[in-house]
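Protein chains in written order, with our numbering: chain A, 905 to 1404; chain B, 2 to 520.
Calculated directly from the structure, the hints in this document are not laboratory data. Possibly wrong hints are sitting among the right ones.
[What the hints assert, rightly or not] Computed, partial: chain B to chain A, Cβ under 10 Å:
hint: 1; residue: Y99
hint: 2; residue: R106
hint: 3; residue: F126
hint: 4; residue: I133
hint: 5; residue: P177
hint: 6; residue: N178
hint: 7; residue: E179
hint: 8; residue: Y180
hint: 9; residue: E456
hint: 10; residue: G460
hint: 11; residue: Q485
hint: 12; residue: M488
hint: 13; residue: V492
On a predicted model such as this, the values are computed, not experimentally measured, just so you know. Built from N, CA and C at the ideal position, the CB exists for glycine as well.
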Amino acid sequence: MSLAQTQSVAEIKARNKELIEEVLKVYPEKTAKRRAKHLNVHEAGKSDCGVKSNIKSVPGVMTIRGCAYAGSKGVVWGPIKDMIHISHGPVGCGQYSWAARRNYYIGTTGIDTFVTMQFTSDFQEKDIVFGGDKKLAKIMDEIQELFPLNNGITVQSECPIGLIGDDIEAVSKQKSKEYEGKTIVPVRCEGFRGVSQSLGHHIANDSIRDWVFDKIAPDAPPKFEPTPYDVAIIGDYNIGGDAWSSRILLEEMGLRVIAQWSGDGSLAELEATPKAKLNVLHCYRSMNYISRHMEEKYGIPWCEYNFFGPSKIAESLRKIAGFFDDKIKEGAERVIAKYQPLMDAVIARYRPRLEGKTVMLFVGGLRPRHVIGAYEDLGMEVVGTGYEFGHNDDYQRTAQHYVKDGTLIYDDVTGYEFEKFVEKVQPDLVGSGIKEKYVFQKMGVPFRQMHSWDYSGPYHGYDGFAIFARDMDMAINSPIWKKATPPWKAAPKPALMAAE
Amino acid sequence: MTQNADHVLDHFELFRGPEYQQMLANKKKMFENPRDPAEVERIREWAKTPEYREKNFAREALTVNPAKACQPLGAVFAAVGFEGTIPFVHGSQGCVAYYRSHLSRHFKEPSSCVSSSMTEDAAVFGGLNNMIDGLANTYSMYKPKMIAVSTTCMAEVIGDDLNAFIKTAKEKGSVPNEYDVPFAHTPAFVGSHVTGYDNALKGIIEHFWDGKAGTAPKLERQPNEKINFIGGFDGYTVGNTREVKRIFETMGIEYTILADNSDVFDTPTDGEFRMYDGGTTLEDAANAIHAKATISMQHYSTEKTLPLIAAHGQEVVSFNHPIGVTATDEFIMALSRISGKAIPEELARERGRLVDAMADSSAHIHGKKFAIYGDPDLCIGLAAFLLELGAEPTHVLATNGTKQWAEKVQAVFDSSPFGQNCHVYPGKDLWHMRSLLFTEPVDFVIGNTYGKYLERDTGTPLIRIGFPIFDRHHHHRYPVWGYQGGMNVLVWILDKIFDEIDRNTNVPAKTDFSFDIIR
């Protein structure tokens, strides 16, 4: 049993507050003042977690955040499989984001699907000096010739594009016309825009609105026969197959998923979405924008859901079913009942091994709250959490539905703060990203990557929960953690001390 | 239901279940507006043809699957090779997240680096304030002995002047005036990660030797007997650097490894996180000016650094990622010549063991055709070793290779009868390589992790050597330099060859007459 378990909430709160004071001491005064606003201890009953968010990172600290390009290319657009996404600018951005997020998809790569490829304009000095528009136009011609089965092109702008004033919109329009109306989407997601990847999500959403939706004639007939049960999955990137293990549940309860955004997604699915009867939204942070737009423009309601862990899955299935008739409501109950034995078996197997263990999280914009329920289903407690790029509405949702009194909250945590927090709180598990993984493992703290599922997954849905439980068990109970200290350096046992 | 609590199925098995297969088939048919399968097949076949290859090679603007990264990555890689040093990248912060992830994914190690987090306002007004605040924060928080500054493309496009900015930051008290803040301009739109390594290392050496950006007198060279050693941008830095140290020590040579990042990318798991570990001491970096000579293992990683060193009066020698007998011989003999120390019998015996191993196994490699891609120096090292084994490095490709590099590779081909039908491809990418592998097939391809797409599409077995290697673990702990390193490379190649032979012979009652237990 960890340290946290042996203390009262009041003691934990006092310790956490002290801890925050302590980490702030290392900064110059001005920085300490800025960082202080991002660190807090959650007070039960408060409307949010009491931290500022979505504000510029402090220069010179090790922020975990990425950039707008990462939000657009890496998250929103990149997984759309039948389009070619040009990383427009120097070679690095596309190289570092090349197939790194494990957005699973089915298709013949290089022929009719392109997700795990890196298309770049590989800017050279002359492109910076003379501008890259002509090169971009030529790139599109070459794409048309060498990859004739692509269903569309996007231009993912890297930093220099905005700085040198290239007109990627004009090039895109011109080329679209030339190729008989092909969908070509310029995306102004230069890395210096905004304070994190979050703005990139917003910009990408807007580009879908402007360059995909607005191009569709309002009276165009749907490419399929609509049904009253048509829904779209919004904000699932199919990491390790997450969207698939989610989709199967929606379909089993009688709904028809007409589009998947954007993991394993296609342009046709994006175009079909305004015909949905309901948009079900998993990653609120990255795709609430387009969901709100569809609500306003097409009158499509949307609802958030959480498919981590049986408690939240059941809650979410019922919530989604609430938008439909009894057939779907019964379908939801049937699905919940069908998987109950599996969930019982998973919990019976893993809960005894995980009960009472504590977790500290730091992930992007959704998981720092959404996975809390899954940990609780296994008898575990999340004692600290925070977002890389969450906004105030994320912290409201976290406070009102997920975290317990006294939880340590850290927004845009710096490497230094995170290390100190973990050192002092001594959780049994840390869940964060690749940049954090090895830091904590060196410290002897079990770790799971909660962006990529540590190359495992899916974690969404009932099938995913079994994997989640197995993986947390294998991380925490791996025999290796007992080996971190050499036996000759281990603290002597009390009995031995007495004998001396 | 396929899932099972007692035997949990993850993505490897789960989605092969009939219910998922059915679901995915429905999705495709009803909603994806898929292309006609016959058309997909037609284009797939067409993309294998000489006609497609011709169009592919006619590309002028588009780059597909390049085998190179950008300058700042190399700068970060070089900077962490100095004691207590944190790399500080001036520009947008997302870049730093990428460099750190990239290095962590290769080495399975933490990678520490900070950014000045420039955003829109800095794009308009310049990043001076970010530098002033950033250096102060880094200094107080991570207590480094040195902060090594480099840039991203953003800072370069707006023209931020590092020298002036650092000076101003010091005046404003961000760090003490005498504190070491070497810098290098490393625009991502020039060269590649290899260039960035070179620029950063040059910046650091220049800083220590040439008066610390005007804050100290220039150092006077007082020649001694030491030899400086530079590894270059090297995915095997952990294994290689240690092997080279062993060779120096075996020969009794006093040495300084410049940018020795072998420890920071190989810290133990013992309950402590070491942000800084090992590295060239700042004192050694300064004193390296007095050395007799500097040896670089990678010419193209040190194109600017070596002339700077030579200008200070030292002999400089560079190699091209030496792998195998001859290349190691040349390295060892250069060491001996420069130091005046005899080559010890121990190294001669190691050499004999590598020759022995090659003699034992060369029959399996002789005449086999290989495609190689990677950084310019690595390509030369591997090509030369293959020729030594009697193999043909048929296609040698470096996206960051220049025409001059290509001439050098051609000279390597010309040195051996096995190089007769071999070709070099500077500035080409892995989509070009794909066409080459379809139209002029080879037996094996050697390259980094991205080659797994080539292996899948063309059926050419991939031997993973290079950077980055994300999907296999711990190879970076083994040297590829020295006779021991040659042995490792030989074994990696042979393992793949034998795996392929087994795969091709294991069909019972059809091909298993050759499924031999002795090879």
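A quick look at each hint next to the structure:
Among the interface hints, the one on B:Y99 holds; its C-beta lies about 4 Å from the nearest C-beta in chain A, closer than the 10 Å criterion. Because the closest C-beta pair between B:R106 and chain A is about 6 Å apart, less than 10 Å, the hint holds. For B:F126, the interface hint is violated, the least distance from its beta-carbon to any beta-carbon of chain A being 12 Å, above 10 Å. For the restraint placing B:I133 at the interface with chain A, the shortest Cβ-Cβ distance is roughly 8 Å, inside the 10 Å limit, so the hint holds.
Taken as an interface hint, B:P177 does not check out: its beta carbon lies about 14 Å from the nearest beta carbon of chain A, beyond 10 Å. A distance limit of 10 Å between C-beta atoms decides the matter here; for B:N178 the minimum to chain A is near 17 Å, and the interface restraint is violated. With its C-beta approaching chain A no nearer than about 19 Å, B:E179 sits outside the 10 Å limit, and its interface hint is violated. A cut of 10 Å between beta carbons decides the hint on B:Y180: the least distance to chain A is about 14 Å, and the hint is violated.
Evaluation of the B:E456 hint against chain A yields a violated restraint, the C-beta minimum of about 13 Å exceeding 10 Å. Because the smallest distance between the Cβ of B:G460 and any Cβ of chain A comes to about 14 Å, over 10 Å, the interface hint for this residue is violated. Because the smallest distance between the Cβ of B:Q485 and any Cβ of chain A comes to about 27 Å, over 10 Å, the interface hint for this residue is violated. A hinted interface residue such as B:M488 counts as satisfied when its beta carbon comes closer than 10 Å to some beta carbon of chain A; here the least separation is about 29 Å, so the hint is violated.
The restraint placing B:V492 at the interface with chain A is violated, with a minimum CB-CB distance near 26 Å, outside the 10 Å limit.
In this structure, the earlier hints numbered 3, 5, 6, 7, 8, 9, 10, 11, 12 and 13 are contradicted, and the remaining ones agree with it.
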